[in-house]
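Just so it is clear: in the sequence shown, position 89 is 89 by the numbering used here, and no numbers are missing.
This list has only true hints and no planted wrong ones.
Listed next, the in silico DSS-like pairs over lysine-lysine satisfying Cα-Cα at most 30 Å (straight line): (1) 678 x 343; (2) 127 x 457; (3) 142 x 70; (4) 130 x 145.
Treat the hints as calculated values from the structure; they're not laboratory data.
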Amino acid sequence: MSRFFARSDSESEESSSDDEITDKAPGATFKQSLLLSDDEEDTKRVVRSAKDKRFEELTNLIKTIRNAMKIRDMSKCLEEFEQLCRAFLKSKNIVDKEGIPPFYIRLLADLEDYLNQLWEDKEGKKKMNKNNAKALSTLRQKIRKYNRDFESEIAAYKENPQESADEEEEEKEPEDSGSSSDSEGEVSSKSFLKKKPEAPSEATDRSQTAKESEDKSSSSDEDDDDDDDDDGDWSPSDSDSRSETSDKEEENALKRKRLVTFLKVKRSQDTEKPGVRKEERKKKPKQKEQIEEEAEEEGGWEKVNRGVPLVKEKPKMFAKGTEINTAVVVKKLNEILQARGKKGTDRAAQIELFHALAAIAAENNLGQGILVKIKFNIIASLYDYNPNLAAFMKPDMWKKCLDCIDELLDILFEHNNIFIGENIAEDSENLAVSDQPFRVRGCILTLVERMDEEFTKIMQNTDPHSQEYVDNLKDEGRVCGIVDRLLTYMENKGSTEEICRVYLRRIMHTYYKFDYKAHRRSLGLQGETKSEQDQEENKEENKEENKEESEGEDSAVIMDRLCKFIYAKDRTDRIRTCAILCHIYHHALHSRWYQARDLMLMSHLQDNIQHADPPVQILYNRTMVQLGICAFRQGMIKDAHNALLDIQSSGRAKELLGQGLLMRNMQERNAEQEKIEKRRQVPFHMHINLELLECVYLVSAMLLEIPYMAAHEFDARRRMISKQFHHQLRVGERQPLLGPPESMREHVVAASKAMKMGDWRTCHSFIINEKMNSKVWDLFPEIQKVREMLVRKIQEESLRTYLFTYSSVYDSISMATLSEMFELEMPTVHSIISKMIINEELMASLDQPTQTVMMHRTEPTSLQNMALKLAEKLGNLVENNERVSDLKQGIYGGYFNRDQKGGYQQKQSYQRDGKSYQQKQSGYQRGGYRNQNQGNY
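Turn these sequences into a full structure, and let the hints steer you where they fit.
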């Protein structure tokens, strides 16, 4: 402790003044360190404020981030940015006092611009590895969220970025000088700038640096002499401790001195004007501009925006004085096409070049041939803008594509002397104005088909419950308009195969749409039974409506004309198959049941559809479902059930109809298969309501299954008509607490239980109510007709179920009573009972004079059935036990000589022929005993 208190206050003041002197001379610190003791080094420590420490930490992190930005190391950027945010939080108290440092705001603004630029550069993103790409997306989200707190500061910086940059540089100058030698170097450099404002040559730079180093060394020698005098006051023990570390410190000091001199010489060699750039920082903006202009004139520095690429001028299409003709334009067009598909090609710039070339061709009146060829390439480049097949077109590119196709069709319609086709070779093209008619290689049909596929992709990748989906769906009018125009063009100039392809495109946009105008007309024809006076009064009112409706052709007529042409002319099975399925779907949608059914049966598609490609199979499934729903609306319950059975029994209706993928099957497919299946999905506006489909199937199964179950209640060989319906019944029975039904399935189960008891009113209330109407029945076009049909079917099947269930209770029952119970007409009741008797479902006879049903007691009751089965089983058991005991005792003679019938007489043959006995015995057991066991269990 004596070492710390050996000096007086006056000595400490003198030493501190000496430290101040040594801080100003850079060279003095190196030699002085050889003579100083450990205690004097402790007094030499630089005390910095909290502001300097925190800001230095921030600047170091910012430097690291900028270095990572230069080499596109996004992982490093993300890591350092998180550390920067934490360091900024630590310095919150200082920031509140001093304000947010400009260099921090500048980094946030530059980093956000840099990340946005990288995000838009799709080619650059592809070249990144997975870690960098993931870090880029994460950092982009974080910086956008983080910059919301600094919106005003960033906006102010962007308005005047130069001033904030200058402030940063001014603040960095004192911060970068971490040691006394650096600050002294700055002092000397400033003095040097004042003396030498003009840039000297390299030789003079080296001589000046040599002189400076000599001056500094001489000044350091003088300071060392002063230090020697001061060191005379120290004790000998201090000098001993100092001598131990003197060698290492001397080596470090020499290295630092060489490093400083090397950096100064290098700096003077590399920069042509070292003084100008230092002075620019402290001059006013006007003086800066003047200096920059002078530097530009002398070939000096060029101003570059950090982190943002230079906006280069668009390359000129043709040199000045070039004579623009067809050959020159075609040559330029081929030059642009050569870059198509290559890595690093800017696709947006390529599209702009095509547009510019088309404008030049139009200005110089080079004819419509070259313009058509350029339009073909513009549309193809728009399709190539997204290299990934699964990606859909952006809205702006989609609008451009539609506009270009419309313009191309306008040109083709206006000029009949233009012939286009894929079979035209490039060598035989006629594009010059003099060579007419024009011949251009290209296929407009392929472009329109690709446009239609892109529209489907846009609808598949849009949220169906958003307004954006509705806005995109409005474009279907334009798509159909383009298809119609192409259809008109191909009918005049296309081949049969091309016409069939266009017709199929038109059919695919028509088959799933319900024609409300045709529906109104059919309702109008049905209402012609009104009185003549009412018709005359309404004639004038309906004139305008009829005019509007007659303008458009019925969709049924359009479908019939297009499909029949394909049936007759098409040579490919796929187009014909799709046309047939669409035609059946359209018939079924408009309740033309018999036409749809006959066309399906005549086509025999159900025999070979498993060999078709998946999109055609999806279309087939959709057609069968629509056919089943149509049969249900017409009251054909059995046909409806048969049509829907395959789809609903699989449990994968959603997947089979192309309306989504099931999560439980995700493990069975890899990522590539999942992408392929997603491309096959049907857009949302073409979906079939799955809840409506399931309800139609379950109600059809209920109307078939409940009477069948009542008729074969005690039949051991009874089979299930619908497994899914029985599954729903079992689920309903397992519930511990039965409350009022809520879901559609619960409504059907509750209605089934009521029908089983013959209570048709309760069944009707469960099937048709407000909840079921809103979920299912209101979705049909003819709501009232469907409800009336359902009520009628429920009444009829409930009557049949009642007769099956309670026939054993009645000796006779009046048909009038049944008519009142089920609110059916007498002829209907008579018809139902007659059919049941004829089909031997009901053992009864009709008494015509009294209108009574006389029941025949041929079938035992349930209790009698069970008693008979039990008696038979007991008898068989006794016989088997007797046989076993007799075989063990070996007494055959007396047993078989008894005067018995049936089985005993058969057993006598054992004495004569044992083999025949075994065969008869096995047949006896198989026929009687085992079958009874199977029936019971």
